[in-house]
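2 protein chains.
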Amino acid sequence: MATAGADLPRLRELNSLSVVRALRAHPAATVTELSQRTGLSRPAVDVIAQGLVTDGWASILEPGASSVVGRPARRYQFRAGAGHVLGVDVGVHKILALLSDLDGTIVHSVRHSVAADAGATERLAELDEVINACLTEAGKTPADIWGVAIAVTGAVDATGRTSFFTPLPGWKSVDLTAHLGGRFACPILVENDCKLAALAERWKGAAQDANDIVYVLGGMRTGAGLIIDGVLRRGFGGAAGEIGALKPIRWLQAPAHLQNCPGVPSTVGPDDAAAWVFNAARAGDKAARTAVNRYVKDLAVGTAALVLTLDPQVVVYGGGFSRSADLILDPLRREIHRLCLRTPEVRASTLGADAVALGALKLSLNEVDDRLFSAGLSAPVAPRRH
Amino acid sequence: MATAGADLPRLRELNSLSVVRALRAHPAATVTELSQRTGLSRPAVDVIAQGLVTDGWASILEPGASSVVGRPARRYQFRAGAGHVLGVDVGVHKILALLSDLDGTIVHSVRHSVAADAGATERLAELDEVINACLTEAGKTPADIWGVAIAVTGAVDATGRTSFFTPLPGWKSVDLTAHLGGRFACPILVENDCKLAALAERWKGAAQDANDIVYVLGGMRTGAGLIIDGVLRRGFGGAAGEIGALKPIRWLQAPAHLQNCPGVPSTVGPDDAAAWVFNAARAGDKAARTAVNRYVKDLAVGTAALVLTLDPQVVVYGGGFSRSADLILDPLRREIHRLCLRTPEVRASTLGADAVALGALKLSLNEVDDRLFSAGLSAPVAPRRH
Numbered sequence: 001m002a003t004a005g006a007d008l009p010r011l012r013e014l015n016s017l018s019v020v021r022a023l024r025a026h027p028a029a030t031v032t033e034l035s036q037r038t039g040l041s042r043p044a045v046d047v048i049a050q051g052l053v054t055d056g057w058a059s060i061l062e063p064g065a066s067s068v069v070g071r072p073a074r075r076y077q078f079r080a081g082a083g084h085v086l087g088v089d090v091g092v093h094k095i096l097a098l099l100s101d102l103d104g105t106i107v108h109s110v111r112h113s114v115a116a117d118a119g120a121t122e123r124l125a126e127l128d129e130v131i132n133a134c135l136t137e138a139g140k141t142p143a144d145i146w147g148v149a150i151a152v153t154g155a156v157d158a159t160g161r162t163s164f165f166t167p168l169p170g171w172k173s174v175d176l177t178a179h180l181g182g183r184f185a186c187p188i189l190v191e192n193d194c195k196l197a198a199l200a201e202r203w204k205g206a207a208q209d210a211n212d213i214v215y216v217l218g219g220m221r222t223g224a225g226l227i228i229d230g231v232l233r234r235g236f237g238g239a240a241g242e243i244g245a246l247k248p249i250r251w252l253q254a255p256a257h258l259q260n261c262p263g264v265p266s267t268v269g270p271d272d273a274a275a276w277v278f279n280a281a282r283a284g285d286k287a288a289r290t291a292v293n294r295y296v297k298d299l300a301v302g303t304a305a306l307v308l309t310l311d312p313q314v315v316v317y318g319g320g321f322s323r324s325a326d327l328i329l330d331p332l333r334r335e336i337h338r339l340c341l342r343t344p345e346v347r348a349s350t351l352g353a354d355a356v357a358l359g360a361l362k363l364s365l366n367e368v369d370d371r372l373f374s375a376g377l378s379a380p381v382a383p384r385r386h
Numbered sequence: 001m002a003t004a005g006a007d008l009p010r011l012r013e014l015n016s017l018s019v020v021r022a023l024r025a026h027p028a029a030t031v032t033e034l035s036q037r038t039g040l041s042r043p044a045v046d047v048i049a050q051g052l053v054t055d056g057w058a059s060i061l062e063p064g065a066s067s068v069v070g071r072p073a074r075r076y077q078f079r080a081g082a083g084h085v086l087g088v089d090v091g092v093h094k095i096l097a098l099l100s101d102l103d104g105t106i107v108h109s110v111r112h113s114v115a116a117d118a119g120a121t122e123r124l125a126e127l128d129e130v131i132n133a134c135l136t137e138a139g140k141t142p143a144d145i146w147g148v149a150i151a152v153t154g155a156v157d158a159t160g161r162t163s164f165f166t167p168l169p170g171w172k173s174v175d176l177t178a179h180l181g182g183r184f185a186c187p188i189l190v191e192n193d194c195k196l197a198a199l200a201e202r203w204k205g206a207a208q209d210a211n212d213i214v215y216v217l218g219g220m221r222t223g224a225g226l227i228i229d230g231v232l233r234r235g236f237g238g239a240a241g242e243i244g245a246l247k248p249i250r251w252l253q254a255p256a257h258l259q260n261c262p263g264v265p266s267t268v269g270p271d272d273a274a275a276w277v278f279n280a281a282r283a284g285d286k287a288a289r290t291a292v293n294r295y296v297k298d299l300a301v302g303t304a305a306l307v308l309t310l311d312p313q314v315v316v317y318g319g320g321f322s323r324s325a326d327l328i329l330d331p332l333r334r335e336i337h338r339l340c341l342r343t344p345e346v347r348a349s350t351l352g353a354d355a356v357a358l359g360a361l362k363l364s365l366n367e368v369d370d371r372l373f374s375a376g377l378s379a380p381v382a383p384r385r386h
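Chains as they are written, first to last, in the UniProt record's numbering: chain F, 1 to 386; chain B, 1 to 386.
These aren't lab readings, by the way, just hints derived from the structure by calculation.
Treat the hints with care, as some may be off.
Note that the list lumps identical chains together, so a pair holds whenever it fits in one copy or between two copies.
When the alpha-carbon atoms are kept at most 20 Å apart in a straight line, the in silico SDA-like pairs for lysine to any residue are as follows [claimed, not checked]:
| no. | residue 1 | residue 2 |
| --- | --- | --- |
| 1 | K297 | G170 |
| 2 | K297 | P248 |
| 3 | K140 | E126 |
| 4 | K247 | L341 |
| 5 | K247 | E335 |
The model shown is predicted, which means the values in this text are computed figures rather than measured ones.
Next comes chain F alone, as it looks inside the complex (with noise of 0.2 Å):
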């Protein structure tokens, strides 16, 4: 019709993005396949196909010898290498930064241990060497990396630092975008920790199944993170899920029946105090039972509180706790199921000490699909920021 003429060359890009979705989506495809999945025709897939080639968004593989009948079909397949993004956590006790490409396929980690009461200048500078190494040792630089997403402790309000709150010492006034900024051209995001180990428990965690969920990551700071129909939520200014700050849900006061367990031997200290306490119960500690059901009952009450305001599907419980949640799931669910009028399933996290950073890369690979399938598709190189 009418807009039809003018509206080809898009189309055409259209088709081209069609295709490379076609091929994300799956490890490799003939032209075949990729008419198949696109609707599009075999001679127009071909052209589309070997542009991409020439592009550098694809890649091509060769038949192998196993075939035997007829002349084999070459196969396509997403240049996943690239580029690579940067997901890096930004703990009270460590630094991790985890590089991957494209595909979300880890190449290389780096950990660093950072003191819990490190400044922020210190901190900052362990950062920076957790990020020269993970992109020396896996033999890129900077101009290689498409984005960089950093995870930290406290809500992050809309200039990218944690100034309601963090527990990080002097890291209020940090700006994590200027900082790193001078040495990379991509965007660079930062973000809450529980809301992007929410992200990664959805993604490759204990809740891909799922769009609705509610993720609680306990330890000796309990927090949460949501999904909302399978989106991410912030807030209308980044503090959404800051439930645990409100002292009747009892979030707050949760932990320290751990902390203060009577029984704790006097050389082990505060950080390990809960791993003790936990130990203890499973070993048949009667103070130390008393101590983790007193833990769950007011971890309950702030699960409940989400729970009965968003109705997911899931709840997740992840964190440093997670590690025994053969003590704490069973009784979580009878109390959530005491509190609240309908029940969600309960899962443990899968992912362990990575979800926070996995959840990072996680973000910044979004952030690089919506830049690739919104600018349209031309070679491609390490998008600067805006």
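Starting from the known structure of chain F, arrange chain B on it as the hints suggest.
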């Protein structure tokens, strides 16, 4: 390209849809204006618009005598009267039905009182009477109705029942879809009153500018409805917003401060006690002022739990008590500011007692639009339920 030919009939339909959309969004438009809005050529719009008139989707506004230069252009407008929808609020004390055209313009309304202790049979009979009166007085038959939405008190489960909990006597097993299905061939929706009031506030009320809204219904019961990213959230099983059921957030006890306020005359019934207390507080009565302050303090705890969880742009306070927003909003703002990390705007409802029925109307209109714009355009007839 390859698919363009095969997609042409679909393209024509899509172009028709875009003209219908352009018509719906504005009072009336010339072919030139529609061409500008849709990006389609004038000749194409001309053909499409005449087809829409033939099919009953649009009507022609012939130019009036006010045009003096040249031949004035005829204008097309969406025929909002092609169909009608019903929004009904089945409350504890009243049943209110609103009848509107497809633009949401209300053409008739009927309100009946109902006893708070009326059983399900009595309340259903009253509902039937209200609907009959509304249709008859407006000169409509059930065949003219394209959608019906009923608001009820209590979370609505997947079967359309309030099986989790409802304060309406004997209502838990009521199947409204079955009850009304004999009379109406169109879809019948059932939804929770607080959720629908939230929808109404965004449609025509206090939060038309916001996409992230926490709606709090204040009355002898306190409830919540959530709009996140512009979409009303039901939760996985329909029980989102039911945080009021959690004792520690103090909504269960909040209205009792008003009901049990010292000094309420024995002649004032329990349903009117709150109104008496608000008036007395306004007149300077000390006990009444204390009762209002205690109510707001408790109201604020649950509201803060929602704000800390979702970090909305706006909190709307509605329901019966919002008539006394002059006494409630300022202290509520102070408490939220004290308890939360980031403070949203707090506004009073502007819709009064019609909010819930208006929300039902909007839910039904949204559903009609979904059907229109997904199924494609045939002539406008009342659609049947699936």
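These are the hints, each one checked on the structure:
Taking CA atoms no more than 20 Å apart as the test, K297 paired with G170 passes in neither setting, with 33 Å inside one copy and 34 Å between copies. In the homo-oligomer, the alpha carbons of K297 and P248 lie at most 20 Å apart both inside one protomer (13 Å) and across protomers (13 Å), since each shortest distance falls under that limit. Only within a single protomer do K140 and E126 lie at most 20 Å apart by alpha-carbon distance; the minimum there is 19 Å, versus 74 Å between protomers. In this assembly of identical chains, the alpha carbons of K247 and L341 lie at most 20 Å apart only when taken from different copies (13 Å versus 23 Å within one copy).
Taking identical chains as interchangeable, the C-alpha atoms of K247 and E335 lie at most 20 Å apart whether they share a chain (19 Å) or sit on different chains (13 Å).
Comparing the model with each numbered hint stated earlier shows that hint 1 is the single one that does not hold.
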